[in-house]
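There are 2 protein chains.
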Amino acid sequence: MHIKKSLILVVNDDGINAPGIKSLIAVAKEFGDVVVVAPDKPQSGMGHAITLDSTLHINKTDIAGVVAYSCSGTPVDCVKIAVNKLLDRRPDLIVSGINHGSNSSINVIYSGTMSAAVEGALEKIPSIGFSLLNHSIDADFTASKHYAKKIIAHVLANDFSKEMCLNVNIPNLDTDLIAGIKVCRQAKGNWEEEYDERSDPMGRTYYWLTGKFVINDDGKDTDEWALANNYVSIVPVQPDITDYSLSNNIKSLENV
Amino acid sequence: MHIKKSLILVVNDDGINAPGIKSLIAVAKEFGDVVVVAPDKPQSGMGHAITLDSTLHINKTDIAGVVAYSCSGTPVDCVKIAVNKLLDRRPDLIVSGINHGSNSSINVIYSGTMSAAVEGALEKIPSIGFSLLNHSIDADFTASKHYAKKIIAHVLANDFSKEMCLNVNIPNLDTDLIAGIKVCRQAKGNWEEEYDERSDPMGRTYYWLTGKFVINDDGKDTDEWALANNYVSIVPVQPDITDYSLSNNIKSLENV
Chain A
1281 MHIKKSLILV VNDDGINAPG IKSLIAVAKE FGDVVVVAPD KPQSGMGHAI TLDSTLHINK
1341 TDIAGVVAYS CSGTPVDCVK IAVNKLLDRR PDLIVSGINH GSNSSINVIY SGTMSAAVEG
1401 ALEKIPSIGF SLLNHSIDAD FTASKHYAKK IIAHVLANDF SKEMCLNVNI PNLDTDLIAG
1461 IKVCRQAKGN WEEEYDERSD PMGRTYYWLT GKFVINDDGK DTDEWALANN YVSIVPVQPD
1521 ITDYSLSNNI KSLENV
Chain B
1281 MHIKKSLILV VNDDGINAPG IKSLIAVAKE FGDVVVVAPD KPQSGMGHAI TLDSTLHINK
1341 TDIAGVVAYS CSGTPVDCVK IAVNKLLDRR PDLIVSGINH GSNSSINVIY SGTMSAAVEG
1401 ALEKIPSIGF SLLNHSIDAD FTASKHYAKK IIAHVLANDF SKEMCLNVNI PNLDTDLIAG
1461 IKVCRQAKGN WEEEYDERSD PMGRTYYWLT GKFVINDDGK DTDEWALANN YVSIVPVQPD
1521 ITDYSLSNNI KSLENV
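Protein chains in written order, with the numbering used here: chain A, 1281 to 1536; chain B, 1281 to 1536.
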């Protein structure tokens, strides 16, 4: 009897050469066949951007013994072209990351890593984005791999929704210091931006975005609470952004 | 007595030279002081992308007699740098568009026009994105201007939430053929993608994204229903993408 192995698509936003994706490939290989489609350069903060007005270029390579394609587009482009062009069958699971840096709270909407996962769910393929709370290129992914393995195993073993998308954030701690896993909601938060203003050698002004993240939420059911208390946070996410709480308040707009 | 006029920030994603933004500036000028901060080139499909790894450049100009800044970044960058650097006071309202093409249903998450409006609401400034269901550079914005004026007047006259964000889509019809306004929810839909594969003069393969939009929703309370029935659709939107319906189903992940 031939049992078809799971096919797992691995994507990210830090680019195909980031250390984080190698950690995720290593975990994914324990569960089936793996194909990588990832941006050919860093694409952090690309949100749900897609390439409409220019062409996409793909180069086939391999990483850690698995077939890999580098893509000139965004993380969401990688998912779209993987599922609709490059793969010869539909993946059973899409995993994105492991991102170098947090995608908790409002960061989920700026994140290429998470937008790729949301796109996977829109393709009706269960998708999980993983992020480690450490931006460093030298980050230690040991605990992240430990939890990614547990979470992937549970998702593959259970018949959750095909449109399931999980935002998993992992504290920057050794495995034995992590308190466990919490299923959470997205904390309310926002960035207070500042722009660092400089002059180029020709005397023209340019700007760098800087800022600090502010949490406006003291709920104990949020991803920020879980992470601050040494838990891995899992927020299930979905793409309907309708503000149902406001619908009745603004009905008067129908009579203007 | 000095009554301070409203300050309205105008942004878009089609770029500072698009005809749609000129229509929106003309409407906004009827309500107060107007400043434009818009991308220096088309940025359709940029979603909630921000510029993290490179610099931003700003050029001051004017459009239709108002102060305007072209920005090298994304639509969301435009809102951030406008509010946090370029403007000398906080705007009372942000309007985005008028977009050349629909941003109904799932298109809201790919849209730079709507992501700029969502960013405005994150800055606690009421924000409205306007889109006309016509991609043409020669689109007729007469009906869009008529409805944008009514909607802006109503929003400025009422004390809705500071975090209010509206996704307004306008049918491609003459004003007298539009049936009115409906407050709606975002229809479920997705893109079925195809990639047009070509060879460049050096024999290398490249791809163009094409596809067709599929609505998976027969509700009469959706933006797609409203637009198909000649109504202007207004969907209030917000940035929490937690899938609350899935939270209980996946609690078992806390015990893996």
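Incorrect hints may have been included.
Because identical chains share one entry, a pair is satisfied inside a single copy or across any pair of copies.
[What the hints assert, rightly or not] DSBU-like, lysine-lysine: derived pairs with alpha carbons at most 30 angstroms apart:
{"hint": "1", "residue 1": "K1309", "residue 2": "K1531"}
{"hint": "2", "residue 1": "K1492", "residue 2": "K1340"}
{"hint": "3", "residue 1": "K1500", "residue 2": "K1340"}
{"hint": "4", "residue 1": "K1500", "residue 2": "K1442"}
{"hint": "5", "residue 1": "K1442", "residue 2": "K1468"}
{"hint": "6", "residue 1": "K1425", "residue 2": "K1468"}
{"hint": "7", "residue 1": "K1531", "residue 2": "K1468"}
{"hint": "8", "residue 1": "K1302", "residue 2": "K1404"}
{"hint": "9", "residue 1": "K1404", "residue 2": "K1468"}
{"hint": "10", "residue 1": "K1284", "residue 2": "K1365"}
{"hint": "11", "residue 1": "K1492", "residue 2": "K1321"}
{"hint": "12", "residue 1": "K1442", "residue 2": "K1531"}
Hints in this document: simulated from the structure, not taken from any laboratory.
**Request:** Find the hints from earlier in the document that the structure breaks and name them by number, from lowest to highest.
**Result:** Per hint list: single violation, 3.
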